[in-house]
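Below are the chains, spelled out letter by letter.
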Amino acid sequence: MGIKVLFFGSVTDITIVSELSREDCADTDTLEKELLKQFPALANKKYFLALNQQVIHENCPLKQGDIVALMPPFSGG
Amino acid sequence: MSSKKQHSIFYQGPIPAQKIADDIQKHSAKTNIGAHSIFLGQVRQDEKNGEKVVAIEYTAYELMVEEKMAVIREQFFEKYALTCMHIHHSLGRVAVGEICLFVFTSSAHRRDAIDACNEMVETIKKELPIWGKEICTNQSSVWKQNN
Chain B
79 MGIKVLFFGS
89 VTDITIVSEL
99 SREDCADTDT
109 LEKELLKQFP
119 ALANKKYFLA
129 LNQQVIHENC
139 PLKQGDIVAL
149 MPPFSGG
Chain X
694 MSSKKQHSIF
704 YQGPIPAQKI
714 ADDIQKHSAK
724 TNIGAHSIFL
734 GQVRQDEKNG
744 EKVVAIEYTA
754 YELMVEEKMA
764 VIREQFFEKY
774 ALTCMHIHHS
784 LGRVAVGEIC
794 LFVFTSSAHR
804 RDAIDACNEM
814 VETIKKELPI
824 WGKEICTNQS
834 SVWKQNN
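Chains B and X supply the protein sequences, listed in that same order.
In terms of this note's numbering, the first sequence opens at residue 79 and continues consecutively.
In terms of this note's numbering, the second sequence opens at residue 694 and continues consecutively.
There's no promise every hint is true.
For lysine to any residue, the following SDA-like pairs were computed, each having C-alpha atoms within a straight-line distance of at most 20 Å [what the hints assert, rightly or not]:
1. Lys761(X) with Gln131(B)
2. Lys124(B) with Trp836(X)
3. Lys819(X) with Gly143(B)
4. Lys819(X) with Ile134(B)
5. Lys761(X) with His135(B)
6. Lys819(X) with Gln131(B)
7. Lys826(X) with Asp91(B)
8. Lys826(X) with Ser88(B)
9. Lys826(X) with Ile134(B)
10. Lys819(X) with Val95(B)
11. Lys761(X) with Ile145(B)
12. Lys819(X) with Glu755(X)
13. Lys761(X) with Val133(B)
14. Lys826(X) with Thr90(B)
15. Lys761(X) with Tyr125(B)
For the record, the hints were derived by calculation from the structure and aren't laboratory data.
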């Protein structure tokens with residue numbers, strides 16, 4: 079099942095792919111660290127994290143089947 | 694209540710003027726309505742790095758938009774005495790001059806429809822995970838920023 083990571087908007091300019099999956103990851107801080115290693119340009123990027131469609135502002139534990147999204151500021155309308 | 698039923702807000706491509714007319718017409722059967730308020734967003738020909746914008750390409754985190762909209766709808770129906778509220782936002786490519794956002798609120802008296810419509814436009818821009826990418830004449834692109 080794993081953990082699904084979704085990328086949106088200008089974040090995809092850096093990641094190129096719009097999603098990837100991780101077999102396992104303890105929490106969102108760890109996931110972010112791993113993603114920064116994989117995509118160093120994310121360090122200069124403004125984005126929010128959502129866990130299962132809810133914006134989060136602090137570290138959250140991850141379990142199988144979770145969906146984490148990296149979202150830059152919204153620009154709909 | 695059927696007026697609160699949730700539909701996806703997304704519309705593939707530009708929203709045709711005919712759809713807007715048809716949607717207004719459909720409401721003539723709801724005789725408790727005394728006021729409609731409509732907001733239409735149109736893709737503007739901005740200039741980015743000296744290049745003219747020809748279209749905006751919209752993408753969204755659709756599942757999250759759906760979940761957020763369900764909550765927002767509830768809040769709006771609690772706050773305003775609305776008969777109904779319909780929201781349509783484009784996905785994919787919308788050319789300059791075409792309609793990309795259609796907010797349509799109806800109520801017995803004008804104030805609720807007008808205030809809900811205005812607040813909904815601001816809410817959509819601020820709260821919904823939707824992104825616009827401005828495509829320019831030379832095929833370069835710039836991610837849109839909301840003010």
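Going down the list of hints, with the structure as the test:
no., hint, result
1, Lys761(X) with Gln131(B), "9 Å, holds"
2, Lys124(B) with Trp836(X), "13 Å, holds"
3, Lys819(X) with Gly143(B), "28 Å, violated"
4, Lys819(X) with Ile134(B), "16 Å, holds"
5, Lys761(X) with His135(B), "17 Å, holds"
6, Lys819(X) with Gln131(B), "16 Å, holds"
7, Lys826(X) with Asp91(B), "11 Å, holds"
8, Lys826(X) with Ser88(B), "9 Å, holds"
9, Lys826(X) with Ile134(B), "25 Å, violated"
10, Lys819(X) with Val95(B), "25 Å, violated"
11, Lys761(X) with Ile145(B), "16 Å, holds"
12, Lys819(X) with Glu755(X), "15 Å, holds"
13, Lys761(X) with Val133(B), "11 Å, holds"
14, Lys826(X) with Thr90(B), "12 Å, holds"
15, Lys761(X) with Tyr125(B), "18 Å, holds"
The structure fails to meet hints 3, 9, 10 from the earlier list, while all remaining hints are met.
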